[in-house]
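**Student:** As they're listed, the protein sequences go chains A and B. Residues in the first sequence are numbered from 2 upward in steps of one, following our numbering. Residues in the second sequence are numbered from 2 upward in steps of one, following our numbering.
These aren't lab readings, by the way, just hints derived from the structure by calculation. Backbone N, C-alpha and C define an ideal beta-carbon position, used for all residues, glycine too. Where hints are given, some of them may not hold.
Straight line, CA to CA, 30 angstroms or less: simulated DSS-like cross-link-like pairs of lysine-lysine [what the hints assert, rightly or not]: (1) A:Lys208 to B:Lys491; (2) A:Lys208 to B:Lys428; (3) A:Lys208 to B:Lys150; (4) A:Lys208 to B:Lys368; (5) B:Lys432 to A:Lys208; (6) B:Lys432 to B:Lys391; (7) A:Lys208 to B:Lys549; (8) B:Lys391 to A:Lys208.
Here are some of the chain A residues that sit facing chain B, going by a computed Cβ distance under 10 angstroms [stated by the list, open to error]: (9) Glu45; (10) Asn46; (11) Lys47; (12) Arg189; (13) Val204; (14) Gln205; (15) Val209; (16) Gly211; (17) His221; (18) Gly228.
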Amino acid sequence: MAMVPHLDPGGMLIAEAPPESPAGGQIQAKPRSLLRRGWEVFAENKLALVGLGFIIFILLFSFVGPLIYKTQQVSVTTSNAYCTPSGQHLLGCDELGYDIVGRLMVGGQSSLEVGLAAAFVSCLFGSIYGAASGFAGGIVDSILMRIVDAMLSIPFIFLLIILAVLIHPSPLTLIGFIAITYWPGPARLVRGETLSLRTREYVQAVKVAGGRGSRAILRHVMPNAIGVIIVQATFAVADSILILSGLGFLGFGIPLPSTDWGSMLSNGLNYMEDGYWWLIYPAGIMIILTVVAFNFVGDALRDAFETRLQRR
Amino acid sequence: MAPLLEISDLRTEIRLREGVVHAVDGVSFSVEPGETLGIVGESGCGKTMTALTIMNLLPTGGHIAGGSIKLDGQEIQNLSEDKMRSIRGNDIGMIFQDPLTSLNPTMTIGKQIAEAVSLHREVSKDQAMDRAAEVLDLVGIPRVRERIKDYPHQFSGGMRQRVMIAMALACEPKLLIADEPTTALDVTIQKQILELIDDLRLRLGMSVILVTHDLGVIAGRADRVAVMYAGKIAEITDTETLFARPRHPYTEALFQALPDKAADAGERLYSIPGLPPDLVNPPKGCRFAARCRYVTDRCRDEEPALAGEVAGHEFRCFYPVGPSERAQTSRLTQYSQSTPEPELAGPRIGEELLRVDNLVKNFPVTKGAVLQRRVGWLSAVADVSFSIAKGETFGLVGESGCGKTTIGRLVVGLETVTSGTISFDGKDLAKSSARQYRKERRNIQLMFQDSYASLDPRMRAGTLLREPLVIQHIGSRREQTQQVAEMLDKVGLPRSAAERYPHEFSGGQRQRLGFARALMLSPQLIVADEPVSALDVSIQAQVLNMMKDLQHDLGLTYMFISHDLGVVRYLSDRIGVMYLGKLIEVGPAEEVYLRPAHPYTKGLLDSAPLADPEVEKAKVTEGVTGELPSAIHPPSGCRFRTRCPRAQEICVSVEPPMLPFAGEGHMAACHFPLESPIGSAIPSATQAGTPY
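Could you build the full structure based on these sequences and the hints that come with them?
**Tutor:** Pasting the structure below:
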């Protein structure tokens, strides 16, 4: 096709006009995948990058750390009890002679494991439950949502304590407890999202082309709801770590010789008046920083999944 | 007399992530006392930014980079926020586009207006309230004393806009800035509001800046017009001169892209190619150069100044179009003679394709969250019958809430009918089995209004276009991909578009994509629901031309739903006019436009603003008074009787039947039609001597 300038509508807007210029004009935006765009939006949030960095650090600290910083975390060493921070014990020792840094690693392992697993289970179940409720609509939706309402009306800390008293706490049971109390939140959220996606015009477009409901759900509703679910899951990790810490603080945490940050904090509070600050601050700061980091990442993910922000 | 507002070389910049947007770039104009200045342009050309700059209400990141704004001789661009506050609302009033979001939903309207009064005047609460009642009365709110205690949601859209105007006028500003004041409103209400603004301007002696994208609105209301393009004024002069002798190629192209004018002449629309430039890195030379048909190298290198040949008419072009005001040769005529647009063949109208008989659709109105009690029915479509022949375009017009979209959704099967039949190609659609029905779906496809909402944001264009084929199991994967590529060619998109996501396209390109998807199954009938109402005039022309071309090439039948009478007239062979769920008039397009039989059709036509100042200013008819009644309790007898100037007792009790009129297939449902029906003793308007 001959390149006659005035017959070339739209193409002149970009520097190098391609050989043919269709009537609709060229597309001005650079081609980039959705993931790439999402990452660009995410990366603009500096706090989220810091948060992400911290989460990676905490994962390495808890799971790789013990290989480098070797401490005795199984049997009690009474001679080291209450030792002050020194070159040998960076943050001192607790009343049983466990090194605090090593203790933080062990506690981090269980806190993260329980947090991630509980968030995964509760979000998976909640999402399926919520999506089913939203798709079904009508009576089914009403019944399923009333069950959720009933769940939400039980004061969860109370429920957890009763369960923890009845059953011996272990990482597995704690994951179960937290998931049971947490799933109604994601369920409600995903149901709301499904309800709104169901009426979107692009879902209707499938119907106009003669497609079935299952196609609309799998190809259009689910991929668009996944963002909400992932964001919710991120917050759920933070919340689960917080719930676990709360339980640990109340004495229903992971039993010895393992531990979790909440139990460490609770333990340390016994010595609040005695000046053993290393029993209190490290665990408390860990909880706060980790929860805040997950929340920052969650916020940025929410922006990253918002296609309208990517458009700019 | 000194101008009330004088703006010179105003420049506004907005800092964004990707750079600085030069939203207003050296704009100068003045507004005389008592004058209406219209600012027109397409979206993103800086007209709203100019208005916001005057008010110093710029969004975050926005600031005035240079120039001056003088109000009554006093420079206001550098005033402190405190001093600016005393000018805003007091000396300059502003009306925004959306009256719902501009009003506080938790305050009564009386209090909101009183608040505006007491901000600027030392008055007691009661005095402020009295003033509120006074201005509400001024803008034509009925029963002011009762309604002053109502909340915004208790008012209709038109009434809310009146409240907004009342609020803007509460302190008797010298200048009223109306930013797209009627864009969200129906034509009949738009006419009422525009008339109100005009009337108030005369009575209160204020100046008005009317910002709009609608050339028709400008034609009838503005004394002078500034045409903006890409942050600059392209042309500025008095309204008559601008419409009669535009000199800037952009202004000329805008007029030629208007469907009202092309429909008269039966010619193709001129569409401005391409898109407006990016205001972050504006082009070096003339901003319009990339889209101009008269462009030369000089235009690309050098920027023309805003200048004119005679006083009061300035434009920014080296090679102005039209006859020079110093009498020179006309290049416009030369151009149109040298490249005549190809004559479009007339529609090959064949046998009946779609037939709708006594169609009724009621939506239940429910109350309560858990146990949904039905408290009534909303009558969206009430006993509508029409048919569409193969190859023709049937236009369905009416105001919002008249049921035109519901009919479209019923025809494509997105809603189920309450009663009545829809038959396609002789077969009743409701009678086919579910499996068969899904297959038949392919023959009737829908083109959505909002292409952004109707394209899945997480799918590439290629996948989106392929989906209908996948659903209907047509062809192998390779054949499907091939078909997608061919379809992209047809709708004028580059083949590389298949790899892109919907948000990477411009509005017009997305609408092409939406159209392409509707065409993928090679349907016979396309239901197009307001396909161009979200687009700018120049882009609208591109899409309309494409639709017309493809109708011709592929032998398509269109059911075209729109509130824009100009667009419908341009595209349609036959037109149906709807009012509150009823089809009140149907007939050949020209017949309905030139000799409307139903008073509502006439009112609707009179309300629609035309881009012709002479016609527009000569209009004396009232349009349609009042507002659309509720569809839950539609009026008895003729549904239009509550707003009809000709209504009599029979209209309350007896529903008017469809009567035939001169012109093939021209029917209207009215007891007192404006034309005399064929073979009937009912007197027409002229015979009865009823003034209308």
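**Student:** Quick one, is the Arg189 (chain A) hint okay against chain B at 10 angstroms, beta carbons?
**Tutor:** 15 angstroms, violated
**Student:** Please verify whether Lys208 (chain A) and Lys549 (chain B) have alpha carbons no more than 30 angstroms apart.
**Tutor:** 26 angstroms, holds
**Student:** With 10 angstroms as the cut and Cβ atoms as the points, is Val204 (chain A) at the interface with chain B?
**Tutor:** Status holds, d = 8 angstroms.
**Student:** Would the pair Lys391 (chain B) and Lys208 (chain A) pass a check requiring their Cα atoms to be no farther apart than 30 angstroms?
**Tutor:** 24 angstroms, holds
**Student:** Tell me if the straight-line CA distance from Lys432 (chain B) to Lys391 (chain B) falls inside 30 angstroms.
**Tutor:** 22 angstroms, holds
**Student:** Against the 30 angstroms threshold, does the CA-CA distance of Lys432 (chain B) and Lys208 (chain A) hold or violate the hint?
**Tutor:** The given pair, whose Cα atoms are some 18 angstroms apart, holds under the 30 angstroms limit.
**Student:** Given Gln205 (chain A) as an interface hint, is the shortest Cβ-Cβ distance to chain B below 10 angstroms?
**Tutor:** Result: holds, 6 angstroms to nearest chain B Cβ.
**Student:** Report holds or violated for the interface hint on Lys47 (chain A), using the least CB-CB distance to chain B and a cut-off of 10 angstroms.
**Tutor:** 14 angstroms, violated
**Student:** Verify the interface restraint on Gly211 (chain A): the C-beta must sit less than 10 angstroms from at least one C-beta of chain B.
**Tutor:** Constraint on Gly211 (chain A) satisfied, holds at 4 angstroms.
**Student:** Would the hint linking Lys208 (chain A) and Lys150 (chain B) be met if the CA-CA limit is 30 angstroms?
**Tutor:** 46 angstroms, violated
**Student:** Take a quick look at whether Lys208 (chain A) and Lys368 (chain B) sit within 30 angstroms of each other, Cα to Cα.
**Tutor:** 28 angstroms, holds
**Student:** Would the stated hint for His221 (chain A) survive a check requiring a Cβ distance to chain B of less than 10 angstroms?
**Tutor:** Constraint on His221 (chain A) satisfied, holds at 5 angstroms.
Hints 3, 10, 11 and 12, counting from the list given before, are not met by this structure.
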